[in-house]
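Produce the entire structure from the sequences given, and follow the hints as far as they go.
Each chain, written out:
Number of protein chains: 2
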Amino acid sequence: MCGGVGSRFWPFSRNDRPKQFLDFFGTGKSLLQLTVERISSVVRPENIILVTNRQYAEIIKEQLPEIKESNILLEPARRNTAPCICWAAHHIHALDPEASIVTLPSDHLVLKEKEFEKAIREGLEFVENGNRLLTLGINPTGPNTGYGYIQQGTAVESYPGIRKVKSFTEKPDLEMANVFIASGEFFWNSGIFLWSADSILKAFDKYDPETAHLFSSAEPNTFGTPEEPAFIDNIFPNAPSISIDYAIMEKADNVFVKTVDLGWSDLGTWNALYEASPRNHEGNVTQNCKVLTSECTGSMFAVSGDKIIVAAGLKDYIVADNGNALLIYPIADEQKIRQIVNEVKTRFGEEYV
Amino acid sequence: MCGGVGSRFWPFSRNDRPKQFLDFFGTGKSLLQLTVERISSVVRPENIILVTNRQYAEIIKEQLPEIKESNILLEPARRNTAPCICWAAHHIHALDPEASIVTLPSDHLVLKEKEFEKAIREGLEFVENGNRLLTLGINPTGPNTGYGYIQQGTAVESYPGIRKVKSFTEKPDLEMANVFIASGEFFWNSGIFLWSADSILKAFDKYDPETAHLFSSAEPNTFGTPEEPAFIDNIFPNAPSISIDYAIMEKADNVFVKTVDLGWSDLGTWNALYEASPRNHEGNVTQNCKVLTSECTGSMFAVSGDKIIVAAGLKDYIVADNGNALLIYPIADEQKIRQIVNEVKTRFGEEYV
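Chain order of the listed sequences is A and B.
The numbering used here numbers the first residue of the first sequence as 24 and each following residue consecutively.
The numbering used here numbers the first residue of the second sequence as 24 and each following residue consecutively.
These are calculated hints, taken from the structure and not from any lab test.
Any copy will do: because identical chains look the same in the list, a pair fits if it lies in one copy or spans two.
The calculated EDC-like cross-link candidates involving lysine to aspartate or glutamate, where the alpha carbons are at most 16 Å apart (straight line), are:
1. K330 / E373
2. K313 / E374
3. K368 / D329
4. K229 / D276
5. K330 / E374
6. K84 / E69
7. K313 / E373
8. K359 / E318
9. K313 / E366
10. K189 / E208
11. K52 / E89
No experiment lies behind these values; they were computed from the predicted model shown.
Below, the structure is given as structure tokens:
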């Protein structure tokens, strides 16, 4: 899944180049490229299907020339993850009714690649042996209020590390998050899902019939054929905008969680990126740019291109300079960035967001 | 005079485009262009002589296409103001031995153009009637330690507002500056001088014979002829690097001051520019750029090109973004900027300064 538009990393993420296409760590690879590389140890390139918004077709071809064009599914409208996943499941099911699917966000950080590969292999084995929906749960490192939480239930025999899910919870407040952590029963929802094409399509039929019916209205021999894009253009805009969590995972009774330690972050905010990045002795993240600081601490400096930043006296700030916009903002106020981006758009125009 | 290199406005001023060539106020005109416009009400364009460093020849032609090339004197080396003024005086004297000269820095701010014109006309009348060196003295608005001070002496009969100079003082410390202000006898040295070509050349002979002899070593018919540039290239590098204040004004006994209220600033520092600029209700200077601030006060935002700045929580900061460098610095520490520029050059290279 690489069709999302994220405004929280503005001015780095832009409408025409959201987070998944950015090289945040100066490795020379975007988060999307890193995601494709990571899953390539388990899934052959010809079996990697990308679902994205039509507007990103070019940038994807540029970043992933090894993915053939017919593997890139172009959504004509933004409809959150459920319609995206339902389409991909139909497409894959048409190519191979026995297929299993690993559903991956393309804009997350995973530091432990071997753990990841192991978890995916074990997870696939689990979902190939029954009508089961599996999610990877992350061992929480603190009461983060930016993540959804999964409460684990009873263990599954002969699959160590996999348990039945008792409940899914949207982002909690801090008090609730503390209770979750203290209980030891809750894990972060990574948004990484495993299932067979057949299982997830059955789940759509049962828990999200609106979306299911829309895609099932296709004539035979539509998915995986040249008829597919025209059909999608026709029906996709009518799909409800709904997340897979809300449409399926919170409702289904065949949901399981595999708890993993992946060195994972959803990189959902500047602060998450800061936490995931190496810091210097003053607690500043200055990776990937030339910075001269004096009495700056706990701050994050990000700049595009060959540019230097000279700064003094900043405590816990984000300094992000990219193209025609510069952000100098307290990290603690980062949740205001979405709203700021809207204000920037209104006051100064589309070209700045 | 437009050959200076100022690092204090980095990253706006650069080695290849110092302060006088910058449009600080978003008027569409550089400080040099504004200076030439200002004096054009008194001096015809064909009588405006520019002295600059050779490296700025192109930028001057670009900014002042109306000035003919033979009026642009190109110094082959940096030698402060005394050699610059001595050369110009010889050049002008050769063209017209009766000429009077208004010597102007090209990187200052003058808000009251009519007062300026009046002061120049009255000053010229004064220096045309005797062997007199006249400087314009600015009524100080506070104990600024960034300016030189002029102590006035006895009044000159029939020239109201003009007095003999009792002393010139280099930049004082704050205690001394307070004493100066309290006395009511001291004025800021504007660096604007008026004299006849003959008077200033006489003064060089008497008070700075080293410089005087160097330029007097020319064969007859050198200045104002095609021989001049080759002669200058030959001798100029041997000139002492010395300011006109130190070489002449502090020593001569025929120095007078005309006190004026010009709405003047030498724009010597970011803070001086801040003080000279209109502020919004939060005390921020955001002229000439698109800025969205929240809880920022007393700060100065300067950005080149069509770029926006979003900032929060900055108190008394300079944010200056230009080309390949971004400065975020407390205004109170602006005296460190010179040193920073050196550090930037050492650590990151010439291309950033």
